[in-house]
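*Asks:* Chains as they are written, first to last, in our numbering: chain A, 1 to 245; chain B, 1 to 305.
Think of the hints as simulated: they come from the structure by calculation, not from any bench. In this text, a Cβ means the ideal position worked out from N, Cα and C, and glycines have one as well. Keep in mind that a hint or two might mislead.
Derived, one-sided and incomplete: chain A residues facing chain B with beta-carbon distance under 10 Å [to be verified]:
1) Gly65
2) Tyr105
3) Thr170
4) Glu199
5) Ala238
Computed list of chain A residues with no C-beta within reach of chain B, every gap over 10 Å [to be verified]:
6) Asn39
7) His55
8) Gly59
9) Ile169
10) Asp231
Far from chain A, some chain B residues (derived; all Cβ distances over 12 Å) [said to hold, decoys possible]:
11) Asp66
12) Gln139
13) Gly162
14) Ser167
15) Ile183
16) Arg200
17) Asn263
18) Tyr274
19) Lys301
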Amino acid sequence: MEASIKTENLTKCFGSFTAVNNITFKVDKGEIFGFLGANGAGKTTAMRMLCGLLHPTSGKASVAGFDVFTQREQIKKNIGYMSQKFSLYEDLTIKENINFFGTIYGLSNTKIKEKTEQLLIRLNLMEEANSLVASLPLGWKQKLSFSLALIHDPKIVFLDEPTGGVDPITRRQFWELIYETADSGTTVFVTTHYMDEAEYCNRVSIMVDGKIEAIDTPDNLKKLFDASTMDEVFYLLARGASTQE
Amino acid sequence: MNTIEIKKISKVFGSKTALNNINMSIKQGELFGLIGADGAGKSTLFDILVTLSAATSGSASVHGFDVEKDAKNIRRIVGYMPGRFSLYQDLTVYENLNFFASIFGGTIEDNYHLIKDIYEHIAPFKERPAGKLSGGMKQKLALCCALVHQPKVLFLDEPTTGVDPVSRKEFWGMLKRLQEKGITILVSTPYMDEAVLCERIALIQEGEIMAIDTPVAIIKSFTHPLYSVKSKKLYQLLKDLRNFKETYSCYAFGQTVHLALKNQDTTAIIIQDYLHGLGHENIEIKSIDAGIEDCFMELMKKTAE
């Protein structure tokens with residue numbers, strides 16, 4: 001099975017502090033992979049390296065076939081990224097946002113027009129197309145943001161806590177979008193603090209103090225730790241951490 | 001007299017109604033949860049109660065003081081932890097704590113007994129600038145600063161949002177111990193699993209209260225028969241159950257689907273036959289009790305209909 005993401009002893013140090021300590025793992029094409037860990041465990045640092053945003057200290061890694069040391073710009077062109085902290089331009093309309101993201105990903109005008117219509121219909125936003133994004137409820141913004149992260153049909157999409165604070169129904173609707181996306185062959189790499197969402201993933205990894213302490217399917221991890229939920233597994237692994245501040 | 005009284009509070013911003021006719025009473029020493037998603041109105045309500053903003057209509061009081069006429073008195077007796085970290089990033093842990101103690105006319109030592117359990121976690125970092133703390137640490141510091149003047153009422157606006165599950169559990173442990181010391185605590189959270197840790201909760205959606213009661217009573221009020229259903233292919237299961245004519249609602253919960261049925265007559269066998277007919281394998285069906293999240297979604301659905 002073709003690997004979408006492959007790392008080997010990937011490490012990042014900041015001075016004398018090792019944020020990411022020799023992590024080795026791979027993610028298969030079309031997988032929904034949950035990347036978990038407590039605050040301070042090194043998740044964000046690891047993700048930034050994989051997205052081509054941060055130069056690693058040592059080790060090897062490739063994302064969508066491109067090297068994280070020498071081909072960072074190609075990585076950025078071939079991945080989608082969505083974070084809860086920044087999603088869309090609130091003072092632009094929905095259509096303007098779609099146009100903006102389409103343009104910076106290098107889509108042709110024809111393609112942008114096609115995508116705009118597809119997106120608006122799929123998300124049921126035809127009537128709001130010319131409204132400012134600021135007027136949309138949070139759940140809709142999340143869904144739109146996710147769709148825009150995919151506008152250039154990337155092979156992999158990175159989702160950084162995409163469902164924080166959203167109501168339970170919208171959260172599930174969002175995950176259905178994720179399922180559809182993975183079904184069509186796009187790899188989804190997601191971080192989340194909702195442990196029930198960890199159960200939606202094909203496999204999850206849990207980082208503690210810069211290392212990957214567990215990586216397997218949710219079912220196998222529960223068996224291994226004699227736990228009935230991912231919440232318990234996480235608690236057992238993460239509570240002994242020294243950087244768990 | 002209730003510690004917090006909220007009568008017909010509404011708040012309108014231009015054409016948007018952020019709070020619509022809210023009525024609530026919170027008793028002395030209660031650990032009360034305001035449960036709802038982003039944009040539901042939680043922070044708006046808190047801002048009114050801690051006297052940071054004025055309601056458009058209605059009235060409220062904290063410890064007998066009116067939020068509009070006696071704001072100064074309220075500010076002396078409440079501890080407030082806002083939704084976003086708002087301590088001084090360039091002051092150290094110790095400097096922040098000292099600052100808050102002194103603006104209320106006291107010292108850290110005066111009420112150290114209240115914050116001791118929490119402060120011990122961050123004491124090793126007391127010379128570190130607050131801006132350089134991790135999320136969990138910031139949260140603990142903010143809680144200490146809210147408690148250092150021995151408030152009668154504590155308002156915590158989404159104190160655990162964005163924090164990992166381990167730190168969240170720890171935080172709630174701390175809240176329970178504070179409650180034992182007689183402080184009335186009003187917490188808002190979007191996390192449904194935290195709702196059961198409160199004595200009473202109010203479920204809020206789009207500026208309106210959908211229910212107020214103990215978690216147990218809210219769970220008992222769930223009106224539909226509920227099953228947990230599992231099969232080899234979760235996503236397909238969800239789609240197929242959605243098309244099942246006896247389904248009232250179905251939602252994914254981890255690796256199972258919670259299926260609420262329209263009426264009692266539909267048995268597990270009927271569900272099994274339906275799914276078997278569509279080619280599902282490894283089917284597991286069991287009757288379950290509703291949780292807070294099931295209730296919340298049922299209420300959301302009812303409100304929308």
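*Asks:* Starting from the hint list further up, note which numbers the structure goes against and sort them upward.
*Replies:* Checked against the structure, the hints that fail are numbers 1, 2, 6, 9, 10, 12, 13, 14 and 19, while the rest are satisfied.
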